[in-house]
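Use the sequences and the hints to build the structure in full.
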Amino acid sequence: MLDNIKLGQYLHGDSWYYRLDPRAKLVMTTFFVVIIFMANNWITYLGATIFTLLIIFTSGVSLKFFYRSIRPIFFLIMLTFVLNLILYRTGEHFPPLTINISKVLVTGYGIFIILLIFLRIFKVIDKYISGKIFKISLLIIIIINVVIAYLFKNEQFIWSFNWIIYKGAVINGGFVILRLVLIISFSSLLTFTTKPTELTLAIEHVLAPLKIIKFPVSELALMISIALRFIPTLLEETQKILKAQTSRGADLTEGNLKEKVIQIISLLIPMFIISFKRAEDLANAMEARGYVPGKKRTSYRILKWRLRDTLYVTSFVLLTVYFIYFRYLWK
Amino acid sequence: MKIKTIALNGIVAAVYVIVTALIQPIAFSQIQFRVPEIFNHLVVFNKKYFFGIVIGVFVANLMFSNLLPFDLIFGVIHTVLSLAITIIISKFVHNKITLMLINTVIFSFNMFIIAYELQLALEFPFWETWLFTASGELIVMVIGIPVMYIINKRINIASH
Numbered sequence: 001m002l003d004n005i006k007l008g009q010y011l012h013g014d015s016w017y018y019r020l021d022p023r024a025k026l027v028m029t030t031f032f033v034v035i036i037f038m039a040n041n042w043i044t045y046l047g048a049t050i051f052t053l054l055i056i057f058t059s060g061v062s063l064k065f066f067y068r069s070i071r072p073i074f075f076l077i078m079l080t081f082v083l084n085l086i087l088y089r090t091g092e093h094f095p096p097l098t099i100n101i102s103k104v105l106v107t108g109y110g111i112f113i114i115l116l117i118f119l120r121i122f123k124v125i126d127k128y129i130s131g132k133i134f135k136i137s138l139l140i141i142i143i144i145n146v147v148i149a150y151l152f153k154n155e156q157f158i159w160s161f162n163w164i165i166y167k168g169a170v171i172n173g174g175f176v177i178l179r180l181v182l183i184i185s186f187s188s189l190l191t192f193t194t195k196p197t198e199l200t201l202a203i204e205h206v207l208a209p210l211k212i213i214k215f216p217v218s219e220l221a222l223m224i225s226i227a228l229r230f231i232p233t234l235l236e237e238t239q240k241i242l243k244a245q246t247s248r249g250a251d252l253t254e255g256n257l258k259e260k261v262i263q264i265i266s267l268l269i270p271m272f273i274i275s276f277k278r279a280e281d282l283a284n285a286m287e288a289r290g291y292v293p294g295k296k297r298t299s300y301r302i303l304k305w306r307l308r309d310t311l312y313v314t315s316f317v318l319l320t321v322y323f324i325y326f327r328y329l330w331k
Numbered sequence: 001m002k003i004k005t006i007a008l009n010g011i012v013a014a015v016y017v018i019v020t021a022l023i024q025p026i027a028f029s030q031i032q033f034r035v036p037e038i039f040n041h042l043v044v045f046n047k048k049y050f051f052g053i054v055i056g057v058f059v060a061n062l063m064f065s066n067l068l069p070f071d072l073i074f075g076v077i078h079t080v081l082s083l084a085i086t087i088i089i090s091k092f093v094h095n096k097i098t099l100m101l102i103n104t105v106i107f108s109f110n111m112f113i114i115a116y117e118l119q120l121a122l123e124f125p126f127w128e129t130w131l132f133t134a135s136g137e138l139i140v141m142v143i144g145i146p147v148m149y150i151i152n153k154r155i156n157i158a159s160h
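Chains as they are written, first to last, in our numbering: chain V, 1 to 331; chain H, 1 to 160.
Do not rely on the hints blindly, as some may be mistaken.
The list that follows gives simulated cross-link-like pairs (lysine to aspartate or glutamate, EDC-like), each with its CA atoms no further than 20 Å apart [as the list claims (entries may be wrong)]:
1) K2/H to E280/V
2) K4/H to E280/V
3) K48/H to E259/V
4) K2/H to E219/V
So the derived label-pair ranges between C-beta atoms look like this [unchecked claim]:
5) S137/V to K2/H: 55 to 65 Å
6) I121/V to I88/H: 46 to 56 Å
7) Q119/H to H93/V: 21 to 31 Å
8) I86/V to I88/H: 36 to 46 Å
9) I88/H to I141/V: 51 to 61 Å
10) I88/H to I213/V: 12 to 22 Å
11) R19/V to V105/H: 23 to 33 Å
12) I88/H to I265/V: 26 to 36 Å
13) K2/H to L46/V: 46 to 56 Å
14) P146/H to T314/V: 54 to 64 Å
Hints were generated in silico from the structure; no laboratory data involved. Ideal Cβ placement from N, Cα and C applies to all residues, glycine included.
Listed below in structure tokens is the structure:
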């Protein structure tokens, strides 16, 4: 259960993007997420796409990793597009799509759904293969649709309506998806090429001005570092607890709600006890090594701002100018 | 801030991330059943857990989120704001269960932040998304109330 969990997304490699100052990467990625919302026509989106592709292709990260980070949101993307088609109702539209629902069609679907339920009840298909079944079902549904449409052309319709798809909806939906893909790719690139520890250091530097209002920035960064350091350790402990509780008959995946809640409690209590003990030990160790909260400290890693970072930032300034020009001034 | 608090919060954040990892598949969709959200009740027992929860949300989103930058920014804002409100209310309300109920309502209500995030990122309809996300949060945190209550009976959360 816990064996295939990938902690962090860092990929080992070396390229100009890896060597950039993490502060530059962090701030500019955030900046990109903000300015991409300025894009509103095809020329601005084209610029943003070319800019992102240039960086991605030269970053030395294989494209398949970007595909992997976009794949989980594929469903969300599709949902977004469909919602757009339904909710967007202005401007020009395509010829209306007539959707007819006949008695035969309803009967066909009815038989099909009942068949699926029966197969499920009699355990012919279990939940592990139902994903495949779902895909096959979709295919069958389409085939049923086509066959029925041809065989029963003259049948009486129970319900018939015109679905109007607006041109703006398709364009807008496309832009939303493109924007999302660009943002996800850009932020994935940051986590692919930057170690969490470097990122924490960058966050500490970026938030440094907050020290003026007595916000504990260094302590915050230290807590993030502790969390990152202890995730693998505590994960191992969790595996032991899970195995111990499983051997006593607990099963986190089965049972009704009440049983599940009890099982979660049986997992959480030992986890809390172990974590509290670890925290105690860690605090003692930190104290013994002379850690004083709030005191100015030196860092093992020192960030250095180089020419390439300035150039990187400049490229974003140029992109912003491009956006402003083609959004507001270009007709 | 005490050394003990720093160490404790770092580790609580790690636990948050691990629990997120355990139930990863159902954590980041429109109807969110994020089981680690029950950790939000920790702040009811002692306000020092504030940073642990916030960092937990941050690191969990950094590692597992699909909508990375959005979840990072809005997820943290949502948690910080809700916890801050609960901390203020905890000065006036001392019954832990009542406070956990109030905490649940605050977190669920504040899901409008997440709904706004999804509207911004995916152009989801705001009101429906708020309803969906808030109900997911409400269910998880209501279940979290007895869970946290039982855990607190066994190990005194506030005293650590």
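Here's how the hints hold up against the structure:
1. K2/H to E280/V: 12 Å, holds
2. K4/H to E280/V: 7 Å, holds
3. K48/H to E259/V: 31 Å, violated
4. K2/H to E219/V: 10 Å, holds
5. S137/V to K2/H: 55 to 65 Å: 58 Å, holds
6. I121/V to I88/H: 46 to 56 Å: 52 Å, holds
7. Q119/H to H93/V: 21 to 31 Å: 24 Å, holds
8. I86/V to I88/H: 36 to 46 Å: 41 Å, holds
9. I88/H to I141/V: 51 to 61 Å: 53 Å, holds
10. I88/H to I213/V: 12 to 22 Å: 18 Å, holds
11. R19/V to V105/H: 23 to 33 Å: 48 Å, violated
12. I88/H to I265/V: 26 to 36 Å: 29 Å, holds
13. K2/H to L46/V: 46 to 56 Å: Holds: the Cβ-Cβ distance is about 54 Å, inside 46 to 56 Å.
14. P146/H to T314/V: 54 to 64 Å: The hint (54 to 64 Å, Cβ to Cβ) holds, given that P146/H and T314/V are roughly 56 Å apart.
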